[in-house]
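Peer 1: Listed below, chain by chain, are the residues.
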Amino acid sequence: MKNIKHTRREFMRRCAVGACGIFLADLFTFIRDPKPHQKKTEKLWKWSRDAMYYEKTTSGFRCLKCPNGCVIGDKQAGLCRNRVVFGGKMYSIAYGNPCAAHIDPIEKKPFYHFLPTAKSYSVGVAGCNLACLNCQNWQISQVSPLETQNYDLMPDALVDQAKQYKCATIAYTYSEPITFYEYVLDTSKLARKQGIRNLFKSNGYICEEPLRELAGYLDGANIDLKSFDDDVYRRLNAGRLEPVLKTLKILKENNVWVEITNLLIPGWSDDMAVIKKMCEWLVANGLADCPVHFSRFTPMYKLNRLSSTPVATIEKACETARKAGIQYVYIGNVPAHPAEQTYCHSCGKMIIDRRGYAILKNDVQMGKCRFCQKPIPGVWS
Amino acid sequence: MGALRTQENRAFAERRWTVIAFQLGMIGIVGQIVVIRELMILFSGNELVIGITMANWMILTAVGSIAGRFAVRSFASEKKWIGLMTLLNLLPSLTVIGMHWVKIRWLPYGVDPGIDDIMILSLVILFPFCFLSGFVFVIGCAVVFEKCKTNLTGLIYSWEAAGSAFAGILFNVILIYFLPSIRLLAVLFIVNGILLLWIISSAFRRRFLGITAVFQIAAAVVLLGRDWDRILREYALGGQKVIYYRDTPYGNLTVTEQDGQRNYYENDIWIGSGDDVQQNEETVHFAMIQHPYPRRVLAIGGSVRGLAAELLKYEQAEIDYAEINPGWLKDTAFMHASLFSPRINIIPIEPRRFVRETECFYDVVIINLPEPTTAALNRFYTHEFIGELKRRTDEKSVIVFGLTSSADYLSGEKRKAHSVITRTVSGFFRRTLILPGVKDYLLASDSPLAADAASRVEKKIKDTKYVNTFYIQDDWLQRRSEYIHSMMDWSVPVNHDFRPLAYFDQIRLWLSSADYRAWIYILTAAVILALIIMNFDPVSFGLLMAGWTGATVEVLLLIAFQILFANVYFMMGLLITVFMAGLAVGSRFMMESARFRGSGGFAGLQMLLGAASVLSVAAVTFLAVWMPAQAVIYAVIIFLMMVIAVLSGMMFTVSTRLSETAVVKSASGLYGMDLIGSGAGVMVMTILIYPLWGLWASAGILFLMNGLCALLVFVYSKRSRDEKH
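Residue numbers (our numbering), protein chains in the order written: chain A, 1 to 381; chain B, 1 to 725.
Simulated from the structure, these hints should not be mistaken for laboratory data.
No residue lacks a Cβ here, since even glycine has one placed at the ideal position from N, Cα and C.
Mixed in with the good hints there might be a few duds.
Stated by the list, open to error - Here are a few chain A residues that face chain B, going by a calculated C-beta distance under 8 Å:
(1) C99
(2) H102
(3) G124
(4) W138
(5) Y174
(6) S307
(7) P310
(8) A312
(9) R355
(10) A358
(11) K361
(12) N362
Just chain B, with the same shape it has in the complex (with noise of 0.2 Å):
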C-alpha cells in the first residue's frame, strides 16, 4: 500500500473517501436521532434517558474509535473499510428491530425500567452500532494517510460532519413525517447501499462487487418486505393489537384492542382505555360543582378517556378541549363519541400556547395530565403557566390538577412532590383544597372550596356511577383532604419552567421505588477515566472540554425546546442536524483559514466557547420571559446551536494541526476525546448539575472550566516553546 502514484488517482481516491466519510455521517445522525428517538419510548419518554443514552452514544463511539487504533494493522485496506462501513449500513435497521427484544430479555413483562435498567440496556443496544462507527472513523482515516501519506483527519471530519447536516435535513426534517421508523432506516440502507455499490464497481474487482450487492438485495427485502413498525409496536404491547400508530411532533401515538378494550399508549406509556368512569368522574365533578354555574370550561387532556361524556353532563357548558400531544385529537377513527358533540370546541395547538393566545375567561380549568414526570408535563405545573391560567380567570373560576393519589399514606418523597405544585399554585389563587381519590385533585379557586363533594355531586348531576354517597362518604373525604392538606409542606420553593423542582422530584422519587447497583457507575466512571488518561495531554484535554461544552448545551438547548414547546420528539432531528452542520462549517472553515493555528488561537477558541455557552443560556432564559413569535424563538435557539457547534468544530481541525503523534493515535485519540468529553458532559451536566443547581450554574460551570482548560493549554505550549528554545 504505497502512496498513491499519480495525482489523478489520488483525486479520484479522495473523491471516493469523501464520499464514505459523508455516508459515514448520514448513517450516524439518521441512526442517533431514530434509535434515541426509539429509546425513548423504550424508555418512558423521559428526557434523562436522552442525556444518559446520547452521554453512552458518544462514550461508545470514543471506545470503538480507540479501539480502532488497536485494529489498524488488521484492518487499514479500503476493502475491509468498505466491507464494515457495509455492515455499519445496516445495524440502525438491527439495532431499533433489536432493542425490543433485548428489553423484553432483561425485564419483566410490564415493568418500567429503573435507571439502572436504562443504563444497561442502552449500553448493550448501542454498542455494536456506535462501536463500529467509531471504529469505522479510525481506520478510515488510517486507510487515507496510508493512500496518500497527508494527515486528512480534519477532511475526513468535516465531510463526516456534512454527510450528517445533508441526511439530517432530508430524513429527520423531510422523512420523517411521512415514515415510521423502520422505513426510514430502510430507505438511509438502500440510499447507501447505491453508493458504496457504485464506490465498489468503480475501484474493485467484481466477485467483491457481487456479494455486497448480494448482501445489500436481501436486506432490503426483509427491511421493506414486512411492516416492522407495527410488528415491534404489537411485541413491545405484550401481543396486543394495534390498530393505530403514528410519529407525530410530539411523540409516537399507539391504539390497541384487547379483549374488547381499547387501549391508548404514547410513547409505549399507558394513557388510558377507553371510558375510565371513576377518574372522570372524579376529575370533572370534583372542580365542576366548586362554581355556581360552570358555563365555559377549558379541558387539557383525558380526551381518549372520556372525559368529555361527564363534561358534557353540565348542559349548560360550553367545552374548548385540548390535548398536549393535538395529535389525539386530529384522527376521528379513534376520538372518544362525545369529543364530537357540538359544544366541544377541539383546540389544535399545543395548550400552552393555546391558553397564551386565547382571549376567552373560564369558569372551570381541568388539567388531566399525568404527574409532571418529564421535562415537557412539568410546563403544566409551573409558576408561569398558573400565571398564564390565571389570567384566564376570574374570581370565582376553579382550576383542577391530579396528582397521583397518595393511596393510605403520604410519604416524604410524595409529601415534597404535592408541596412544590399544591405551594406553586397558592401563589396565585387564594384557596386550595386536595380531594383524595383515583388520583389526589389539587382544586384552586379565589373563592370558597367545599369538600362535601358527594352530595353536592348527587343534587347537581343524577347519573353518576362512581361520585355519589354510596362510594364516597363525605365525612371520610373530608377527613383524609384535611390529613393531607397538613402534611403540605409550605416552605418548599416555587416550581418554575427553568427551575423544575416538580419534575426533579418526580425522578427523586422514580428513583426512590428502583434499587441501585453502584457498580454500574464505578465501572462506566472507571472506563471514562481510563481513556482520558490513555489520551491525556493539554490539547486534547481541551477538546475533551469542547466535547463536554458543546454537547452539554446541545442537550440543554434541546431541553429548553421541550420546555418551551414540548416538540423534542421532533426537533431533536433538526437540532442535532444543525449542530452537525455546524461542525462541518467550523471544521471546513479552519482547513481554509490561517487564524487560530496555533495553541493562543486554541485557547482563545476555548474562551469563546464557555462565553457562548453562558449567551446560550442568557437568551433562553430571556426569551422565556419575552416569548416572542415561536419562529423567532426557533431562529434563535437554532442560531445559538450553530455557534456552538462552528467553535466546537474550528477547535478539532485546530487540534489535529497542534497534535504531534502519528495519525491513526491523533484521529483516534482527537475524536475519542472529543466523543468522551461529550459523554460525560452530558452525563455530569445534564444528570447531575442541571437538576440540582440550575441552567445558570450549569452555564457558570462550564465557562470556568473552558476558562481553566485555556490557561492549561496556553500555559503548556508556552513552556513547551521555551523547552524547544
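Just chain A, same shape as in the assembly (with noise of 0.2 Å):
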C-alpha cells in the first residue's frame, strides 16, 4: 500500500513538474513576445513586393514606416499584418489585393469640401497599424490579407475600374492605407496622369519621409483625430497622439486637402475640456480652415457595452469647435441634423445644402461664396 502512495506521490511530483513546465514555458513565450496576434507568415504571394522604408539591425529588420517601428524577424510579420520578411528583405503582402472595393459617394469618407456629390472608387486591403477597440471594420483591419477573400486589382486595373464607373476620385479606406502604402503610392502615381484624384482616408500613424513621398500624389486627406488626449490614445486606439498632429502638419505644408473626423466616445473622447485644446490646437496650427465632422458613436467591436453618444453631446462638441476658431465643424452619423449643411464662414449664409450624400443647393461659385464672394476653403473643381 506505501508503495502504491509513494509512486502516486512521485507520479503527481512529475506532473506538477510538467505542468509548470508547460506553463512556464507559455508565460515565457507570452512576455517574451507581448504581441500575440504577430504571426509566423510562410510564403510570399502574386500580391507581394519589395517594401519600401526599413533597415537592417541587428535583432532584425526595422520598419521605419509607421511610429511603431516594428522590428520584424525572418517569415514574420509585422503589427500591421503586412510588412512580412523573407530572405532578409522586407515585402508588402497588400499589394493589388482589397477584400474591399465599391463605389461610394465621396460624402460617405467624409469629404464635405472636396467635389461635392463625386463618386469615389474606394478600396481597403487588410490590416492596420492600430488597433482601436471600437474599430468598424475590426474584420478586416484586425487580420492579414491572408485571411480575406481579396479581388485581384493591380493599380492599373484599379485606375481602369475607376474611370469605367466614371469615379473623379479614388479613395483608399475602410481599414489602414498606410499599411498597403506601396499599393496606394504606385496606384495615385497611375491615377494622376489619368486626371483622377487621389483621397486618404487615415489614421494618420505614419513616419515623417514615407508621409512626405506620398503627399506629393494626394489631393486629399480625411485624419481620424481620435482624441486629443495621449494617454486615451495608447489606451483606446494603441498609438500615441503626437505623430497625427506631427502628419497634420505635414499634409498642410504641402497643400493635401484636410478634413479631419472626430469620433466623439461617451467616456473616451467627449470631455469638452480636452475637445476645447483639440480645437485650439488645429488653430494655432493653421489648420482652423480644415473642416472638423464631429461623428456619434455607436458600440463597435470590443467597446460593445458603451450607449451611442448623446446628440446633445455632439451639439456641444461644435459649438465648442466653434467657439475655439474652427471655421467648418460637422456632426456625422445623425442624419438630417442641421448641422450637415455648409455655412459661409464670413457671412454666415447657408451656402450647400447638403442632405444626406446629395446636395440640394450649392452656392459655391468658384470656389468663393455666392453672397459676400469670400473664398471657400476646399477643393471645388
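Assembling the complex is the task here: the two chains are given apart, and the hints tell you how they should meet.
Peer 2: Written out as C-alpha cells, the structure is:
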C-alpha cells in the first residue's frame, strides 16, 4: 500500500513539474513576445512587393513606415500584419489585393469640401497599424490579407475600373491605407496621370519621410484624430497622439486638402475640455479652415458595452469648436441634422444645402461664396 | 477535544452542527444564484458564462475543501469554525459589490469581456467565497468527528443540501421577486447572523458573542444603509444617472440618463437610446414597402428605440407589439410615447409563446432583435420558430430579421453566420433578400421582393429622415445586396432550437474578436488533473463521474429552459434549488436505507445515473416537439432534475461508506472529487461537446462514461475482496 502511495506521489510531483514547465514555457513566450497576434507567415505570393522604408538592425528588420517601428524577424509579420521579412528582405503582402472595393459617394468618407457628390472608387486591403477597441471594420483591419477573400486589382486595373465607372476620385479607405502604402503610392501615381484624384482616409499614424513622399500624389486626406489625449490614444487605439498631429501639419504644408474626423465616444473622447484643447491646437497650427466632423459613436467591436453618443454632447462639441475658431464644423452619423449644411464662415449664409449624400443647393461658385464672394476653403473643381 | 461525555451533550452538539451545516447550505445556494446572476450581467448574459462560472465555482470550492484537509490542525475547533462561518456569511454581498470594481480595474471602460477575461475574472471574483465555503465544509466535518468520533460526513452533506433547498425556495423563488440582489443578500446575512449568535450564546463565552454581534450589526448597517444595487449599476455604467432598474424573470433592466438622452440596458448591455432614426426607418420601411397593403403587423423587439413611431406612419396598420423581455412593455414610466397609440396592442407575454398561441394572421412580421448571441435569442432564428411564424402568415406576407451589418466586407465567420440564418428562413419562404444598412436586413416572403427600397419608400411615406434617395442610392443598395447574396453558402445546415448552429456561429465570431492566452487553460487543466490524481481511487473516480454527469445534465437542462422559455435568469434559482433538494433527499435516503450499500450498489447507481442523463435529453427533445402546457414542461424538467440529483446524493453517501480513508481525508477528497467532476464536466460538456456535437451526443458520452466507471468500480472492488480473502 505504501509503495502505491509513494508511486502516486512521485507521479503527482512529476505531473505538477510538467504542468509548471508547460505553464512557464507558455508564459515566457507570452512575456517575450507581447504581441500575440504577430503570426508567422509562411509564404510570399503574387501580391507581394518589395517594401519601402525599412532598415536592417542586429535583431531583425526595422520598419520605418509608421511610428510602431516594428522589428521583424525572418518569416514574421509586423503589427500591421502585412509587412513581412523573407530571405533578408522586407516585403509588403498587400499589393493589388483589396478585400473591399466599392463605389461610394465622396460625402461618405466624409469629404464635404472636396468635389461635392463626386463618386469615389474606394478600396481597402486587410491590416491596420493601430488596434482601436471600437473599430468599425475590425474584420478586415485586425487580420492579415492572407486571411481575407481578396480581389485581384493591380494599380493599373484599379485605375481602369475607376475610369470605367466614371469615378472622379479613388479613395484608399476602409482599413488603414498606411499599411498598404506601396499599393497606394503606385496607384496614386497612375491615377494622377489619368486625371483621377487620390483621397486618403487614414488614422495619420505614419512616419515623416514616407508621408512626404506620398503627399506629393495625394489630393485630399481625411484624418481620424481620435482624441487629443495621449493616454486615451494609448489605451483606446494602441497608438500615440504626437505622430498624428505631425501628419496633419505635413499634409497642410504639402497642400493636401485636409478634413478631420473626431469620433465622440462616451467616457473616452467626449470631454469638452480636451475637445477645446484640440480645436485650439488646430487653429494655432493653421488648420482652422480644415472642416472638422464630429461623429456619433455606436457600439462596435470590443467597445460594445457603451451607449451611442447623446446628440446634445455632439452639439456641445460643435459649439466648442466654433468658439475656438474652427471655421467649418459638421456632425456625422445623425441623419438630417442641421449641422450637415455648410455655412459661409464670413457671411454666415447657407452655401451648401446638403442632405445625406445629395446636394440640394450649392452656392459655392468658383470656390467663393455666392453671397459675400469670400473664398471657401476646399477643392471645388 | 475528547469525545463528548454524555448522550445529552452529544444530541445538543449534533443539533448545533446540523444548524451550521444547514446555514452553510443556505449561504451556498443563495450566494451561488445571486452571484452567478450578477456575473451573467457582468459578462454580457451569454449562457456560456453560466457554464464557465459554475465550473469555476465548483473547482474553487473543491480546492478549498482539499486545502481544508491540510489546515485541519490549525482550524479544527468549533469556535474557529463558527468564526469562518461568520466571515463566509458576509462574502456573497462583498463578492457582488467587489465584482464590478474588479472588472473595471481589469478591463478598459465599455469593453465587452472576451472568453479569457471571463475565465480570469470569474476565478478572481469567486475565489474568496468558493474557497472558503469548501474549506468550511471540511473543517466542519473534522470538528464533528473530533467531538463524537463518528463519520458524520453524510449527515453534514445532507443537512447542507437541506439548507440549500430551504433557502433556495425562500430566497431564490419567493424573495427574489421583491428584492434586488444586495438587499436579498443582506436579508440572508441577517437571518444567518441571528442563527450564528444563537449558537454562540448557547455554547460559548460572552466575549466571543459580543465580538461577533458587533461585527454582524456593523455589517448589516452598512449593507442596509445604502442602495447598493443602484450604486453598483451607476458604477458599472460609467457614472450615468440610473433612473430605473428592475430584475425580471428574463434579466435585469436598467434605464439611465446621459446628457438628455435615455439609454436602455438589459443585463448591462446597451439595447438602445431613445429615437434611433436610422435603424428604425430601415427596419420598418424596408419590410413594409414590400407588402401592397400592410394591415396586420407583428413587431418583436426595439420598443425602447421608438420603432413603433415609424410603424404608425402606415395609417392602416394595426400593430401587435411584443418584447423578448416583456418587462420593457409593463412600466409606463419609460415606455416610448408611440406605444400608447390605440393602434398598438401590447403583448404582455413572451413572444414565442404568443406566436404559438395566437390565431391572428400577419402581413408583416418585424423581428428587431440582436443576433443570436445567446441561446435565448437564438430561439427567434430557428427552423421551429420560423415554422410557427409561417403558419401565421400568407402568400404576400413579409418577415424581416436584422443581422449585424457586414459593413464593407463579409468575413468568413460572418458569412457562415448569415448563411445559416438565410438558409433556415429560405426553408419556409420562396424568396429572400438581404438589404444592407445599419444592419443587414434579411427579408423573406413567398411574393417577389424589391431592392429599390429608397425610391419605393419615398412614394409611400413622405417624412422619413434617413430612408430616402438622399441617403440611400438604390443602385448602390442593389449592388451591395447582390454582393452579400452571392456570398451566401447554401450548403450549410439549418439552425434548430436544440442544435443552435447560429448561436454557435455567433460564439465563434465573438471568439475571433478576442486574443487567447493559452496558459489560462493549461493552468486550469493542470490544476484539475493534479486534484484528480491526488484523490484517485475507483470510488472517488466514480463520484467524480457522478458530479460530472449531475452538473452537466443540470446545466443542459438550464439551457433547455432557456431555449424553451428564455427565463433561465429567474428559473436558475428554482432549478438549482430542486437539484440541491434532490441531493439532500438522496443522501438522507441512503443513510437510512440498507440497499445499494456495497460497491455493486455504487456501480448500479452509476449505471442508473448514465441512463437518467439519456432519458433527460430524450424527454426534453420530445417536449420541444410536442409542446404541451407550460406547467407540464416545468413539471417534467423539475422531475428530471430531481431524479439526477437524488441519484447523485445517494452515490455520495454510499461512497463515504466505501471510502477506507480517514474522515477528514474522505470528506475533503470525496466532496472535492464531486465538485471537481462537476466543474470539469460543466466546462468540457457545455463549452466543448455540446456546441460541437449537440445534445444527443452529449447524453451518449455521459452514458458511456458512467458505464465505464461502473465497470471500473465493480472490477476493482471484486479484486480488493479477492485480495482480502
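Peer 1: Against each hint, give a clear statement of whether it holds in the structure.
Peer 2: Verification of the supplied hints:
1. Look at C99/A: its Cβ gets to within about 5 Å of chain B, closer than 8 Å, so that hint holds up.
2. Look at H102/A: its Cβ gets to within about 7 Å of chain B, closer than 8 Å, so that hint holds up.
3. Because the closest C-beta pair between G124/A and chain B is about 7 Å apart, less than 8 Å, the hint holds.
4. Look at W138/A: its Cβ gets to within about 6 Å of chain B, closer than 8 Å, so that hint holds up.
5. Evaluation of the Y174/A hint against chain B yields a held restraint, the C-beta minimum of about 5 Å falling below 8 Å.
6. Checking S307/A against chain B by beta carbon gives a least distance of about 4 Å; that is within 8 Å, so the hint holds.
7. Proximity of P310/A to chain B holds as hinted, the smallest CB-CB distance being about 4 Å (cut-off 8 Å).
8. A hinted interface residue such as A312/A counts as satisfied when its beta carbon comes closer than 8 Å to some beta carbon of chain B; here the least separation is about 5 Å, so the hint holds.
9. At about 4 Å, the closest approach between the beta carbon of R355/A and any beta carbon in chain B falls short of 8 Å, and the interface hint on this residue holds.
10. At its closest, the beta carbon of A358/A sits 4 Å from a beta carbon of chain B; the interface hint therefore holds under the 8 Å criterion.
11. Checking K361/A against chain B: minimum C-beta separation of about 13 Å lies over 8 Å; hint violated.
12. Using the Cβ-Cβ criterion of 8 Å, the hint placing N362/A at the interface with chain B is not satisfied: the shortest such distance is roughly 14 Å.
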